[in-house]
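Engineer: First to last, the sequence lines map onto chains C and F. Position one of the first sequence corresponds to residue 87 (my numbering), numbered consecutively onward. Position one of the second sequence corresponds to residue 87 (my numbering), numbered consecutively onward.
Read the hints as simulated data drawn from the structure, not as lab findings. As the structure is a computational prediction, the values presented were derived from the model and not from experiment. Glycine included, C-beta positions come from ideal geometry on N, C-alpha and C. Some hints could be false.
A partial selection of chain C residues facing chain F, derived with a Cβ cut-off under 8 Å [claimed, not checked]:
1. T161
2. E186
3. D244
4. G283
2 protein chains.
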Amino acid sequence: MSVKEVKVCIIGAGISGLKTAHTLLNDPRSKFTKDDVLIVEGQDYIGGRVLTDKTSSKLGYSYDLGGAWFHDALTNVVLKESIEDKSFDLNKDGYFDDLEHVYYHNDHKGELPYNKWRLNKVGEELFKFIEIYYYESLDRKDMNLLEITDIYIERYGDRLTPEQIKYLHQVARYSELWFGVASDKISAKYSAMSHEGRNLYNLKGFSFLVDKLLKGIFRENILLNHKVSKINRADKYIETQHGTIKFDYLVVTVPLSILKLPQDHEYGITWEPKLPASMTEAIDKMSFGALGKVIFEFDNIWWDNEIERFVLLSEDLDNKDIGEPLKSLPKKSKYPILAINYAAMHKNEKASLVLLTQSPLTDYVEAHPEEAWEYFKPMLEQIVTKDKKISEPINVMTTKWTQNPYARGSYSAVLPNDDPESIIVQLSGELEGVALSHSPIRFAGEHTISEGDGCIHGAYMSGQREAEWIINNFFFSKKLAKL
Amino acid sequence: MSVKEVKVCIIGAGISGLKTAHTLLNDPRSKFTKDDVLIVEGQDYIGGRVLTDKTSSKLGYSYDLGGAWFHDALTNVVLKESIEDKSFDLNKDGYFDDLEHVYYHNDHKGELPYNKWRLNKVGEELFKFIEIYYYESLDRKDMNLLEITDIYIERYGDRLTPEQIKYLHQVARYSELWFGVASDKISAKYSAMSHEGRNLYNLKGFSFLVDKLLKGIFRENILLNHKVSKINRADKYIETQHGTIKFDYLVVTVPLSILKLPQDHEYGITWEPKLPASMTEAIDKMSFGALGKVIFEFDNIWWDNEIERFVLLSEDLDNKDIGEPLKSLPKKSKYPILAINYAAMHKNEKASLVLLTQSPLTDYVEAHPEEAWEYFKPMLEQIVTKDKKISEPINVMTTKWTQNPYARGSYSAVLPNDDPESIIVQLSGELEGVALSHSPIRFAGEHTISEGDGCIHGAYMSGQREAEWIINNFFFSKKLAKL
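Given these sequences and hints, build the entire structure.
Structural biologist: Shown next as structure tokens:
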């Protein structure tokens, strides 16, 4: 068992860890050198939840199994920098897939007249209602998205048409494909989203960003297959199966799902001494979802290739158990699905549909990819064009995030009664006087930042934040507290 | 010349004045009686800018020449109360006219593929950009809507398609039909709108609200044809052409356009002593627009009656002089027009189009209604369906707000470098310590309130606010300062 010493140790080689190391090694204000920085990664590859599969497609597509869009295009730093340094070519590599969605529902033949029935406007009003509802009083109890939809209908049902009442829960459930959890697990209070501009789909895959960051990091700065089991914050060292690493500064970028594990869990981290209660409570009060992807490739396009996104709404079930783990394939259309037409996005005729799924469907399908087509086929039959018939896929792929013990899902999600603000306060270290503010133990990752939370650019900025804090602290201040 | 004495004098019998009187006379906490309250109105009718024309139509329609929608349906107090007291029947009297707009542009044959070209998404992004632009720094200079659109295109033009760049100014100019002024007079800083729910069109006309308020006011409480020329705030009296009225409290509900007039103007009000500079400066720093309506009735429907709203975009002119007063009919499509299809809204076949116009077009057309068809016909030719041809109107009506010396336009509007917050602070009396806070001289109207500004429900709530202040002050406090 080896003992290493390093000035800055970074746990995790995902985007936030890579950006931390890159900034430490390249920022003009920094004097850290190659030997000062070490990334310790549990898995056998670099990039974490940024993972582009360039080899599995039978049609030559690249598939991002993790993040695939530049969200918040107006303020997305990764996009801005990548355009400026020419690592991303807007015209060749980017596509704003923001055509109007086309909706289907099992009980309605053909495309649902979504806008004609003004489901778009009523859906908008629902989320505005939610915003106002919680704005009116700080004391309003949180609930789930289906329950607040009930309240909206109770209050304003006399202003709604029968179709609007019938479909509104299904309209609301579209959010499941953003948050990655079933609606009965979506916090109503935090369900209203705000976007800073459009979403740009990255056609070439986000591995370009990993590659770009790696150019500024020495390969020797990264230890793969080193699973961290312990963090001793008193004596400032971590333990992996291969030995001990002592540090001056530590940046913990493991996913929230790992931070939430019991300390004695095989993939959990034992803290010595334990983290302060304020931090563990904040971690407990935030959750982790499972947005998944199921990719079907075909030998022909049997849907309307003018359409970019098909939304297959869920059925009018009682919605009662939609958040419960699945022991077998659910009933048809129990969960809404977003199907992305890659042929339209790539302006070609290579037939691929990428379906976005939410927990618990993601968990089930990722564990049983061989059953995926059986479940999705009857839903996809709705989008078959008149002159065509549905064909069997020539290739089926699923993500594996829920199966991967280092990921355990996709990204942070706010469940009813969660408190998404505390974790930012506790882990971002940005608030003077909060436990972390002068500690050499830092956190980064999509769960530690409010701008770009859950997104690649959020993870990226959180890594930069921590690197800059360490540079300031080490070269310009030297005042350290213990955490 | 008579001398009257009254406890509360209200200048203006619009919605805010009526609501003030109604609350003073009906609130259970109030002990004011018939003789205590007097509304002094310059014009010969009650309602002010709420005015429903029930007689001019040749097709039996009622037309609201002023406000016609319940905006902010989720929080609109007038709507809520009117449903509760059954003065408004949602099913019979209301219509959510929120079908997707259909857009036309002169250089494009037939309906513009607005959503297919993603002009909807780019339009949204433009306004999000504006929000972020001014949020980033308090020091950013205000400019007009066309100029900020230039900045957006300069920064993000590489992410836009040629069509998006070509049409974006025209897309932005749709706002003119909300604000009632040409885009070169729209403050960029305050151009982003936020709505609290959908907009409900009032099919029966807002005169129902005037009638409802009048039921709680004695006819003798209202003096018509009394134009106020002077307010003496030292000795607490006003002067009209018919004599003097002394008051304990005064509620000034005249439109902002009147407050902005020079004191020696025929329709201006002389203040003795002058209003404090903080107030006159606030009044100077807010402007008044001219949203107008032109109504064409026909003997047949020659457009697609499935469409609720046609937007006829402006042409690609240089936009340089669009805000300047017009001396003759402008060039075709110099201004964007919103045409509302009354047949669709009323679910009938009676052919009427209500066109919304902005200043300076409103001013010109209201002054020259006989020229209206000549200007609008070539624009409306775009919406003729294939099997039909355009027919001459059997009836042409225009609003007269810019011609009416008591209105002088439609409602308040924020021009570049205006300060819409100061006037609320100065005239609402809500901020303790500001000049007005303990003064017996009060202000009400759509220009004095931030929630529902420019709207009927805003005017209504401002009237209620002042009545409640007076009730509290008179019956429960008696502490009065002089303004």
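Engineer: When the structure is checked against the list of hints, which entries are broken? Sort them ascending.
Structural biologist: Violated hints: none; all satisfied.
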